[in-house]
Structure formats: C-alpha cells, structure tokens
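Fit the two chains together into the complex; they arrive one by one in their own frames, and the hints show the way.
These protein sequence lines map, in sequence, to chains A and B.
631 is the number of the first residue of the first sequence in the working numbering; add one for each residue after it.
15 is the number of the first residue of the second sequence in the working numbering; add one for each residue after it.
Mixed in with the good hints there might be a few duds.
[Stated by the list, open to error] Here are the simulated lysine to any residue pairs, SDA-like style, with alpha carbons at most 25 Å apart:
1. A:Lys-849 with A:Leu-768
2. B:Lys-349 with A:Leu-768
3. B:Lys-349 with A:Ala-702
4. B:Lys-349 with A:Gln-676
5. B:Lys-349 with A:Lys-849
6. B:Lys-349 with A:Gln-706
7. B:Lys-349 with A:Gly-861
8. B:Lys-349 with A:His-636
Quick caveat, the hints were computed from the structure, so don't treat them as lab data.
These numbers were taken from a predicted model, which means no experiment stands behind them.
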Amino acid sequence: MNDSWHTLRRYTQARIAQGRSGCGLPTSSLLDFQLAHAAARDAVRQPWAIDRCVRAVEALGLEALSLATPVADRVQYLQRPDQGRRLDEASRERLETRSREAIDVALVISNGLSSTAVDRHGPALLNTIVEAYRRNGLRLGPVCLVPNGRVALADEIGALLGARLAVIIVGERPGLSAADSLGIYLTYAPRIGNTDAERNCISNIHPPEGLSCQDAAAKLAHLSQEALRRGLSGVGLKDDMPKWLPDSTFT
Amino acid sequence: MNYSTTVHAKNFNFRNLRTLMAKASPRRAADELAGLAADSDLERAVAQRLLAEVPLKTFIEEPLIAPEHDEVSRLILDRHDDEAFAPVASLSVGAFRDWLLADRGNLSALAAGLTPEMVAAVSKILRNQDLIAVARRCRVVTRFRDTIGLPGRLATRLQPNHPTDDPRGIAASILDGLLYGSGDAVIGINPATDHLDNVHTLLNLLDEIISRHEIPTQSCVLSHVTTSMELMRRGAPVDLVFQSIAGTEAANRGFGIDLALLREARAMAESLGRGGRHLMYFETGQGSALSANAHHGVDAQTCEARAYAVAREFSPLLVNTVVGFIGPEYLYDGKQIIRAGLEDHFCGKLLGLPMGCDICYTNHAEADQNDMDNLLTLLGVAGCSYIMGVPGADDIMLAYQSTSFHDALYLRQVLGLRPAPEFEDWLERMGIFDGRNRLADGQAATPLLSHFPVLSEEPT
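Bound-form chain B, shown alone (with noise of 0.2 Å):
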C-alpha cells in the first residue's frame, strides 16, 4: 500500500509500509548507508505523522518481510497470540503511543501480543522519555543460579576478557570484578579464539570459580553456538548457551545458525540439567542484519526488535544490546547510540525479554566516557536488566570502550538499585559489600583474595 500526504505545498509519497518505517526512524548512519532514511527533516516528521495512522494489524495484514522467504517472518506470525493482543487490536501505532503512556501497572501480559514491527513502530515516534517511562514498566524475570530483573535490582555482566585468553590474565579480572561487586548477570568471557580445546579450558576455570567459592552467578564463554554443542557432548560445564543473532533468517545465515540449530542447542543444555529453563545468552545490535547485506530493505531498528523476536522463542536469561560496537557507520556519535540504546531496552522489554545493554563505543566513533555515562544513567532509570562490566571500561581483547565495574558502583549509588538478590547476600558473606548496597572498607580481608583458583596456587 502507498502512504502519501501533502504538507506545506509539499507532496511526500511513501511506496510501501516497508519504506514508511524507514523514512519515519530516527536519523542514523545505517539507514543512511543503505540509502532508506529519509532526505530532510521535513520527510522524517511527515513520515512519523503517516506512519501513527496505521492501524496495529496492518503488521500482521502485510509482513514487511515476507514469510515465504523468511523464516523469522513465519516465526512471528506462528507465535503471534490473538487473545493478548486483543487490548490494542483496534488502535493505530499513534493511539497505541497514548495507549502506553497512559499508566496500567505492568505490560507484561502484552508481550505475546505484540510483534516486533508493531513495537519497532510505535518506538519511532516515542521521545526518549516515553521509552524510558514505559520500559520501566515492563518486568521481566529470569532465573539460574540468582534472579535477574527483579524491581529496584541491577545486575552485570563480568566481562573479564584478555587478548590471548590467559587463565591467570582472567583469574585476575574476574577477582577484580567480584571484589567490585560485579558479576550477578553472568561472568562471561569473550574468547580470543573459538577453538574447542581453548575454549573448554576457560569454561573449567569458570565453573572451578563459581564452585569453589559457591557464587550464585552463571558462567558463559561466548563461542559460536555449534562450539558449545561440541563442548556439551564432551562434557565441557556449560551454564549458558551463547549466540549472536539478528533479524532475518539470511542475516542469521551469516552467523551460521538458524532457529531449528538454536532448538537444538537449547534442547541440550536442557538435559544437562544445570539451571532451569533460562538457559540462553544472545547479543544483538542494530546494524547487524544490514553488515550481512541481508536487510530487505528494513531499517536498521526495525531489522534489531525482529531479532527480539528470535531471542523470545528460546526463553534466555539474558539478551544483550551491544549498541555501539558496530561502529560509527552504522551508529556515528553519542546521540545516535544512546537513542538506539533506548531503543533496542525499550522494544526488547515491551517483547518479553531480559534486556541488558552493553552501553559502548569503538575510537572512530564520535563518542566518548561522557556519552556512555549520560546512556548508563538513562538505562538505570528504564530498568535495564543488566549492564557490562569491565575493568576500568577498557575490553583490551575487543579494543573497545564499555562500562566499568565502578560505573555500575556509581548507578547503584545514585538510584538506590541493588544486585541480584542472591548474589547481594553472597557479596555481603564476603565481605565485599557492607549490608547497605555499598563496598565495605574492608572487602580486602575477603577469603576470595586468598583462595582464587589459578591465581592462589601460584608459587609466589
């Protein structure tokens, strides 16, 4: 269907829905580089005010991919559940916006209901505030060994990599961590290499940590999917089963996975018996569907929340924004990574999902420490589930900028948020925090210091 309208003497005309969404998104690089955003100012506001016009359905009624080609379009459709979107089933995307902004307590029960277009949608002509005002309203809890997402809590991922995955390199950042009061999401590693050999030796050190010093906390190393399989049928102790995926089946194509391999996998650390039913890690990021020139003309934020769609059917512990890795030409500056931040929170929230972000940047993107603290404060005030955690912001295997185990000290502090139950007990057994959401003077006299594997059996 075509969308036209004139305004100011002006006549815009929109070809299809597909186009409409694009022309309606909020300026960034990646659509500019795939030549779908729109020419002017002018075009984006027109195409924002067509685009509140258009009735929920229509998602449902026009596929912006379609499914005969497109096994995430068939998964969408599949699991699209009539009864919960009945509350909103008569509204448009604007009169859905009012819909939100109006407060009714929890949206939890809305999830299965929504599509990732319809979420996508409504997120374009939401301002910074409503996303934050409404994702705060959103709950979402997971469960292994503690529980993410809990109201007033923030938890964070430990993220202790190192260019040549040294154990003891690693020992040291995670005991860094922990002593900062890091880790509750996950301690998961990025692995410099994929090999099976390599990356079975960091998972023994993960579980010989967790173990030994009984924390409630998950271990991930984030291989390829089809590693952790192999390691699974090894006997390797896999918690979490990691992925990359995106929001086409031809973009998850480029990641070599599909949603019948991610069963397969779930299906596996099932039986392993470790957790219970959270037992998924998936990273995200827009940009990611366009990089593999597998978009179908969808802009980059709509391409993301389809991802969410894909992250849903598998119901994981965590799923992670990693917003501004891609780089400056699909994201150029501060201002465009912490609206896609707030974004991505936002519309993976409203679909059901333990959202975390990792609020980050690359050197050549125009973005600094100023930017992340300014998304990092906004997130803690959304309610994001978790953020990352690495030693003074600096990831030296990624070569890029994250947040540090002192950001998350900070939004603690200023929001009053707390980790993950468990975990805060843990934290305060140790003596790492003092019983009031805070590091205890001395968290240095904790028995951690002394009894840390690897590094503790070091002949000093």
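Pulled out of the complex, with its shape left as it was, chain A reads as follows (with noise of 0.2 Å):
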C-alpha cells in the first residue's frame, strides 16, 4: 500500500511514506534498507588497503610512514578502543629514534571505523589538505598511515615527531545514508592523555552529498593557524564549529 503523502519526502532523507504491506515494509523498502546497512558493516569490517595512500603521500613529495597499533584484527579493534589510541613498540621506537627536525603538523590517517571511506575519499582530501598547508607556510612532518587507529592516536604520534599540532583523518562510524564518511580531528600541543575537550572535530566529510574536501581543507588550515596563535585547541578555540563526538561512540 502506497502512502499519499510521499512528497513529504523533499523535506527530508529520513524513510517516510514508505507505505506498507500489512504491517511491515512493503519488499523494496525492505530491500533498500538491507543494502544500506549490508555497505555499512562492509566499510566497518574491510581492512584497509594503505597501498594508494602511501602513493599519494609521495606523490606529495612527503614522506609515508607505514605504523601500528597493537590490535590484531577488527574484531579486537571494535572490542578494545583503548589498543587503537596507542602504537605498538616497534613504531614507538621507530619514532623515538627519529632525528629530530622542527614540524608544525604531524599528519596521521588511519581506516577508523570506515575503511571505505578512507579508501574513497583519504587520497583527494589529503591532496587538498597539504596543499593548504603549504600555501600557509606551515611545515610537515611525515604523514603516519596506521590501520586500526582511534583519535586519540594522534597524540602519541605528534608528541614523538615533536609537533605543534596533531591532525588525524580517520573513517568514521558508517551510518546507514553515508558509509564513506571522514572525519578530522585537531589537537594542539599533542600529548598523551589529552582530553576530547582539547579537540577540534570536523566531520561529515563525504563528497558529493556530505563536506566536500575543499570545503574540509580550508576549515581546518583556518582552525589550524588560530590554534598556533592562540596557543590551544578544543572547546576553548571556537564554539560554531561542528560539535565534536565523542570518541567512544564514534572512532
């Protein structure tokens, strides 16, 4: 049975006037949804593929740094956030050992909780991202690729690599309209055990219907150089930004 009222839907993407049969959804309705849902369990569960990140980050003239966090699989991933906001030893030590050079942003990208996302839309929002940055002069550091990463990751990884800001581009959690969605999130003076009050989130960013990369870019070169003149990140640096998510329920 048809609803009459189905024009209501131009006001909104929420599954009106679905009409039914008897009391459940009519079959295509039905059908719709399963698809939805089965893109997003698929984008929660691929691994990540780091292959064309890594080549669009030398295509950068910047240097790839392949790391880890210990989780072992995506089952441990979605059980254990607390082993995807820290690296294993092996990239610990391969951080600490570094030379020192002088960096304003430590890049970090990780699959998140969408490896579809980062694999659709990472390399073109990276692309626009440096270079946004370089039209501001700031100096990058290496970009670290770490599969199975939670935000809070980035803290660690800008505190070795002695950087002024970390920024985290990380899949977020697919939602039933969007399952390639990407999220940045930006700490000042990055240091373990930073709070998500310290953050700056910019999300929804899934070109054509969500944030285009552009449009992500130049928010976060701007919210970047206020961040470097003010000397802090997070709830203090701007209130009309997107309202930042919590990272237990989204990463």
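Following this line, the structure appears as structure tokens:
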C-alpha cells in the first residue's frame, strides 16, 4: 500500500511514506534498507589497503610512514578502543629514534571505523589539506598511516614527532545514509592524555552529499592557524564549529 | 568481605562483593573492557552460585560505592523503605529469585524496599524468560496528557530527528509517524545542536502541532537540562524536561548534572503547571559510567541499575534505556544487546519506573534488524511501557538504527497491544485507526494531512 503523502519526502532524507505490506515494510523498502546496512557493515569490517594512500603521500613529495597499533584484527579493534589509541612498541621506537626536525603539523591517517571512507576520499582530502598547509607556510612532518587507529592515537604520534599540532584523518562510524564519511580531529600541543575537550573536529566529509574536501581543508587550515596563534585547541577555540563527537561512540 | 569456594578441585576467590557482582554478570564487552569480567565461564558460574547465597540486606550493610564519596549511594540508602522491604528482608539473592518467580500478582508495592544493587544482583541469576515473566507483573502507570503503562498497552516515542533540525523535515517525519499511529509516549526530538534559539524553535513547533490537533501526547526536545531550564525562564512551552543520567555521582558530573540541579529543574517544570507530577524524561544505558571513567570498579549493569535510583527520585513520566547506542566495546553483539535490554527493563520496572527501551544498534556492532525484532518481541511480552518510533528505523541525525513505526504496528498486531487509551481514541477520531487496533484503509483522508503546521503553510 502506497502512502499518499510521499511528496513530503522532499523535506527530509528520513525513510518516511514508505508504504506498507500489512504491518510490515513493502519489499522494495526492506531491500533498500538491507543494502544500506550491508554497505555500512562492509565498511567497518574491511581491512584497509594502505598502498593507495602511500602513493598519494609520496606523490606530494612527503614521506609516508607506515605504523601500527597493538590491535591484531578488526574484532579486537572494535572491542578494545584503548588498544587503538596507542602505537605498538616497534612503531614507537621507530619514531623515538628518528632525528628530530622542526614540525608544525603531524598528519596521521587511519581507516578508523570505515575503510571505505579512507579508500574513497583519503587521497583527495590529503591533497587539499597539504596544499592548504603549504600555502600557509606550515612545516609538515612525515604522514603516518596507521590501520586500526582511534582519534587519540594522533596525540602520541604528534608528541613523538615534536609537532605543534596533531591532525588525524579517520573513517567515521558508518551510517545507513553514508558509509564513507571521514572526520578530522585537531589537537594543539599533542601529548598522551589529551582529552576530547581539547580537540576540534570536522566531521561528515563525504563528497558529494557531505562536506567537500576543499571545504574541510579550508576549515582545518583556518582552525590550525587559530590554534597556533592562540596556543590552544578544543572547546576554547571556536564554538561555532560542528560539535565534537565523543571518541568512544564514534571512532 | 571475601567470597571463596572450591569447585571441580579449583579454588575460586572473590575479593569483595563488588568483584563478585562483576564476575557473576552475564558476559559483556563493557566489563571485559573494564577488566572486571569473569576470566572463564566456570568462574562466572561459580560467582553466580556464591552471589545467590548473599543475603539481600548485605547490600544495605556493605554499599558497593561508599556513600561518603557518592551522592547516588547516599540517595539509595536514604530512600530505602524498611517496611516495603520487610517481605523479602530475610532472603538471600537466590531465595529472592524463587520468591519473585512464585506468582504473587502485582509487584509494585515492593519497589520502595529494593535497592538497585539488590535488583541488579538477582537479575544476574535470572534467565531471559525470568526477566520477562517478573517484569510483566510490575505495573507502573504514569500520566501527562495521556496514560502510559496500563496493562495491554504499548506506547511509542515518535522520534523525528533531522540532521540540521529543519522544521519542515521534522514536521514531515512527525506527520508520517502520527499517520502510522505513533507518538503516544512523547514526540521527542534529539536536537542536532543545543543552541537555545534552535531548541526554542523546535519546542514551539511541537507545541503548535500538539495543540492545533489536540493530540493527547506531550513534547520533549532532548537538550541538556540547563538548556531546558533557561528556556523555561524565557517562557518556552516545555512539557517534559529531559536529561541523560548515570548511576554514580562522578558519571553524572560528566553529564554536567547533580541531584540538586535535577531537583531545581523538576520544580521549575512543576511551576509551569502544564502536566501533573510526571514531568521528567530520563535516558540511560549500560556503559555510561565506564565511558566517563566513573564506575568505581562496579560492573556496567549494576551501575545502570543505580541510575534508576536517580530516576525514581524525580517521578519521571518516562525512562528509556538506549540499549545498543553506546557501541560494541560495551555491548558487542545482538546477544549482549538483547540480554542488556531485558535486564534494564526488568531492573527499572522492579524499582518502580515507567521503563521503555530504545531497541537499537550501531553499524559497528555485530547486530542487525533481526536482533532488534527479537528484542522487540521479547520486550513486548515483558510489558515494556514504550518503544521508539523512527521513520524506517533509520535515525538520519544520530546515525544508528532503532525501531520503526511499522515495528510498533507489528508488535501491536501479534500481541494485541493497544496505544495509550486517550491516544487510541484520538487516532480513531482522526480516521487513522479503524476501531480495531489497526490502521484504517482511509487513513489518508485524515484532516491532519491538510492542516499540518509548517507543511500546509507551504505555498505549493
């Protein structure tokens, strides 16, 4: 049975006026839902093939550092967020023994909760971000690629690299409407133990429906300049940014 | 006190009651993440056996969280009613299970005599069918513009969220929900932003919809309690005051609240005179205290039950456990979500609360809509006061899946559950229901469609 008020769908993406078969969903609506859920599940479960990202980093003339967390697989990743927030021993040593250079921004990329998101938009977003930072004369360190990372991982990496800002690009928890959304988190003076209140977040990056890479990069460049100028990040920096999302729930 | 025993030639030792409770909990990710869970199935079963021997009054004598450090513990002890406790005062946890299962009719008189810890403890040795059978016999009836919790009734919260709080988008989802018979518990919006003007606009929209069509329901915008208080000062039409709550003082501090603030908010709502005495809407969920690093070594399910002590202090119209929202690091899969949903409903009802459940999951949990169908059906049998109604079960603002308007129709059909009586009358008057507890074929002829606020004013 169709619903006569289906024209209301122009006002919202919500699944309204779907009609019904008895009390249940009509078959086509049911199958649409299953398809969206399957895409979201695949985005979570798929491991991340980082090669494309490595090539994208190197094409920008930057060093790509492939690092790891102690997380063994996607199941452990989901159950142990604490393990995704730190580097494994080998990776930590690798950063500790590097010769220090003066760095403004430590860039980190992780698949987080959506490998699909970072596969689909990671390289393009990285391009626009690096371009924007270079325009502003900021010094970039190596770009760290870390599968199975959580947001706070960037704190440890930023601290080990001696960077003034840590920035992580990370796959967001897939929704039914978008399984390929990226988020960016920025922390000033990164160190282990930074709280979520000390971060700024740019979320919902998934062109064409969500935020574009250009707009995200422009926002990030602006926030970064402000963070460096005022010596802080997080809730004190700017309140009209999109609300930050709790680490535990979203990545 | 130390609890120990030998089983299968193995010694088991549990340092204190808190540890015993955690180890006796059915397996869940949150307790594993906190390092509190049993190390093996055998250890869990042994802990359950020892827990069954603990006298109920031990929970009064040995608080799991010291009252000197926690106002929720103080509240629990202050409010404990010896007289109501008397019928079960001499029982152990295990004997209490037997007592509950023996059919004694309505259990509501017992609520004031029970503490959350007693209820959590017994729930740990109840099977799912026990949780259902006992919860069914707890009657909790609350009332604002309609009556929630009557036997044979199932209400729904209509949840018309929109990612940018667009009033037309929200109104479209509300209209869709009403046309499917949803919304008798509350029409409740989670705002995308907590800005005062934004929340005020949404409150006005809900007020206009409810008053123009004389809908016997109430509205809520689920903003922080301080936002609702400021808007009440400005004269906004606030029906229900919302707040997320948890089971420890420290976790509540993480939410930016304490008991005094909730008291103040409730008094303000009362002074508006819009409803009777049921003026609050609380949401909870296992794992929130751990997530705030404020669990004091107490397992997730016991912390959750303690949140119900906070809730009942304020005579809420509705309490909602948002069971699967928190994610797989707390409740890993459908099995854990289903168990937690049944536990929460049982504990809340036994403590005297109007419990509903947001039967839900996120896309990174090992769960799907079939698991939700299972929990939905089980909670329907258990007499759950209300469930969520989200268009197509897909919340496009919070990016998680819940239950749909269709799901409520299904549950009403298979279990013969009716909407709140005042709301059912309204649905029939509007031509939405046909007088036989189901959608009318001609529901599209309802006057709602031509006169709906925001939508019908649109130039076409």
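Here is how each hint holds up against the structure:
1. A:Lys-849 with A:Leu-768: holds (15 Å)
2. B:Lys-349 with A:Leu-768: violated (50 Å)
3. B:Lys-349 with A:Ala-702: holds (24 Å)
4. B:Lys-349 with A:Gln-676: Holds. B:Lys-349 to A:Gln-676 sits at ~23 Å (cutoff 25 Å).
5. B:Lys-349 with A:Lys-849: Distance ~42 Å between B:Lys-349 and A:Lys-849 Cα, so the pair is violated.
6. B:Lys-349 with A:Gln-706: Holds, at roughly 18 Å.
7. B:Lys-349 with A:Gly-861: violated (47 Å)
8. B:Lys-349 with A:His-636: violated (36 Å)
Comparing the model with each numbered hint stated earlier shows that hints 2, 5, 7 and 8 do not hold.
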